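**Q** Protein chains in written order, with my numbering: chain B, 1 to 491; chain G, 1001 to 1319.
If you are wondering where the hints come from, they were derived from the structure by calculation, not from laboratory data. There could be a bad hint or two in this list.
30 Å max Cα-Cα, derived DSS-like pairs, lysine-lysine [said to hold, decoys possible]:
#, chain 1, residue 1, chain 2, residue 2
1, G, K1232, G, K1290
2, G, K1285, G, K1048
3, B, K117, G, K1232
4, G, K1136, B, K117
Treat the numbers as computed from the prediction; the structure is a model and nothing was measured.
Take a look at the letters that make up each chain.
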Amino acid sequence: MGVFVGVTVGALPGLAISTGMALMLPLTYYMNTGPALALLIGVYKGATFGGSISAITFSTPGIPAAAATVYDGYKMMKRGEGRKALQMALYASVTGDTLSDIITIVLATTLAVVALKFGPTERFLVMFMAFILIGTLSGKNIFKGLISGSIGVLLALIGSDPVSLVPRLTFNLWWLRDGIPIIPMIIGLFAVSKMIEELFDIIERKRKNEEIEKQDLSIIKSLFSKASAKLTWKEYIGCWREMLIGTTVGSIAGMLPGVGSSGGAFLSYGVAKQFSPNKENIGEGALEGIAAAESGNNATMGPTLIPLLVFGIPGSVGAALIGSALTFQGATPSPRMFELHPTIIYSLFVLLIIANAVNLFVGNIMIRFYSRLGQLPKYILIPFIIMLAIIGTYVVSNNRYDVIIMLVIALLGFLLNLAKFPTAPLVIAFILTPLIERTFRIAIQTSYYDYRVMFDSGLSKALLGITIILVIGITKLKDKSKKITGDLEEE
Amino acid sequence: MKRLTVSILLILLLGTLFTFTGAVLAEEYPDKTIQIVVPWGAGGGTDKWTRALSTVAIENYGQPWSVVNIPGSSGMVGWKEMLDRPADGYTIMSTGMSNIIAPIMDSSSAPYTPEEVRPVAIYNFQNPVLIALPDKEWSTWEGLKNYLTENPGRLTIGSALGVSIGTTSVLEQAGLEANLVIYDSTGEAITDLLGGHIDLAIPPPAVAAPLMESGDAVAVLNSGIRDIDLPKFEDVPSAADLGYTGFSTIRWMGMHPDTPDEIVQYANKAIGEMIESPSFQSMMKSMGEKPVWVPLEEVEEIYNHQAKELRRVLENIDL
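Isolated chain B, as found in the complex (with noise of 0.2 Å):
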């Protein structure tokens, strides 16, 4: 049900992950554990799958992950090796899930031992190394990503101080207390600001008197003919490269809090065109390429709850959500969860495989039925859509002042896609921003305001030395796929 919701998302463009996730959350309330998390999971991961279908049929990524599947995607589906183009791409997501899967259960068991090192000085400077990698990976423009995650910062700061209570920020206004809440946020700043978008774009058209554009239908029919040719074992297997650097880049970028999917995927595509053998092809519609970026953006999947899991701390949206969810269910991820609630964690891993072997089946279904979804008209998708968010918003928790947040949000969103500013780091930015005041305010006062405390313990000075070393690496990774980037922007 899950996997089949979310791969409808990610089909549809402008419906992000999160989007998929925050609509299915407010069900989760009146779910068990099992079911709320099936439903999550699947959404979570068939999302990331769907987002490729419209990157491969139309060159539009359904989701921001998908935005490296593209380039060679839709390529392929010129030359009429759609078929092809996406089962590779099912293929990919799944096996690179999966494996990421077993390193996220093996793992995940290993370092819950160690969390108790983690003390209140640790998790800051965990933070802080999620912190600066927002700044490493936000986009194409720096400069833009910056003021972007600022934003959400300022955003993140609104409500109590949760020291001394004294609200701040608020306006004066009392419902603002608690601060942004996160559903109306997603749902503001994805969803309702994209719609705001596709709005204007068909006013606009109408305006100018033009026939709403209608997709080649040749190219889709490509897809159903039975001269159509399907990926053979032998080619799967050829991309056993590209498919395990998508497999440990994206694990890696999923166990970093604020790294998300969508670096997976670039990231991986990036070393895959460096090391690939065939990386004069990739880029131009090989195989390859579309293994490295989709299995890169779902192997961050299964590693992005590490960190949920063991520190309490959302390695993305997506792992944020099905926090919120463990925490509806009364297990408020914290360190002490593997201790507290067994159950629910091993449910969680068997979920997250089964969840892979679903995706495979339905997938492969979908991969006919869903590639025409993506036509359906704008003017009856964006009013559904629309509607879906607000009413999504108020049910979370009854709450009108949520639905004015949302609408507010919307705006701002709308302005800044208008502005070409990346929303992807406000989000993080937003999350991350008040958990690093938590942790560091904890530090220093449990330290007795002695800020030496930072340098104190092996653990802080070993993390001190990782992000360090992470800043730099990064940096000059993103200088590679920041070419890659280029050219597809060129596209």
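Fit chain G to the given chain B structure using the hints.
**A** Chain G only, in chain B's frame:
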């Protein structure tokens, strides 16, 4: 023509209804479903208690209870919703401490004061326990007192805000000073205690009990106003034993401040019957919780004491 007739009939009908409801309100209460506003998300502590209670509503309250979650702004949205509805006893708020704390901290913009409610029932007391790792100098109350007298402020206590009030108050009465650090959740504070990053923590008894059982921690003080009826807690000194005034966090229910007395009295008695019903008792026992029933006069007395004490502590301590 038909439509007009229907509209006139409807208006007449509604008019009669309104006239009647005013007159017979108190005598016939309750004659329809009661809405219970829980100002917290579904699945939280207060929500679980309230939903468990609602299962025995029809037999004991005379009408079913419909639980609505209205979270937001530390519970202020739900409280305001209760105030916006008529004072007819058909809306009851079931809550804990945070939406008493919020308007105190935020008095300039809060939409109500903690006095704008008619408390009708208190159904649970939580007596937070101050715990430490075993074999420390401060693992007993005497030891803690001596240590803090010699080293004022040099012990770190980690706690969530609500449960910290009692300990803060007792330490203040004893003239002691400690380094209180407010955590987001009790779980986080306990993790830091077990990892040796802080010296003391303040969990509720249900969380402290397994740690005491396993020998990972010892209880130093019961800062609540009631004894804790759990094994291993017999020898833990309570605030009252030491001659101080304690403070317990409460779960309670309240109605619109203008609700007629008869309705409030009916509600207090009926909720008492619900609490004492065997099926509710066994349900709470399986959850490891202990319900209480408090007569109406005492409910008001305790509520006012809690609100006053909260105001005093929050305005005096430097968090």
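**Q** Tell me, which hint numbers fail for this structure?
**A** The structure breaks none of the hints.
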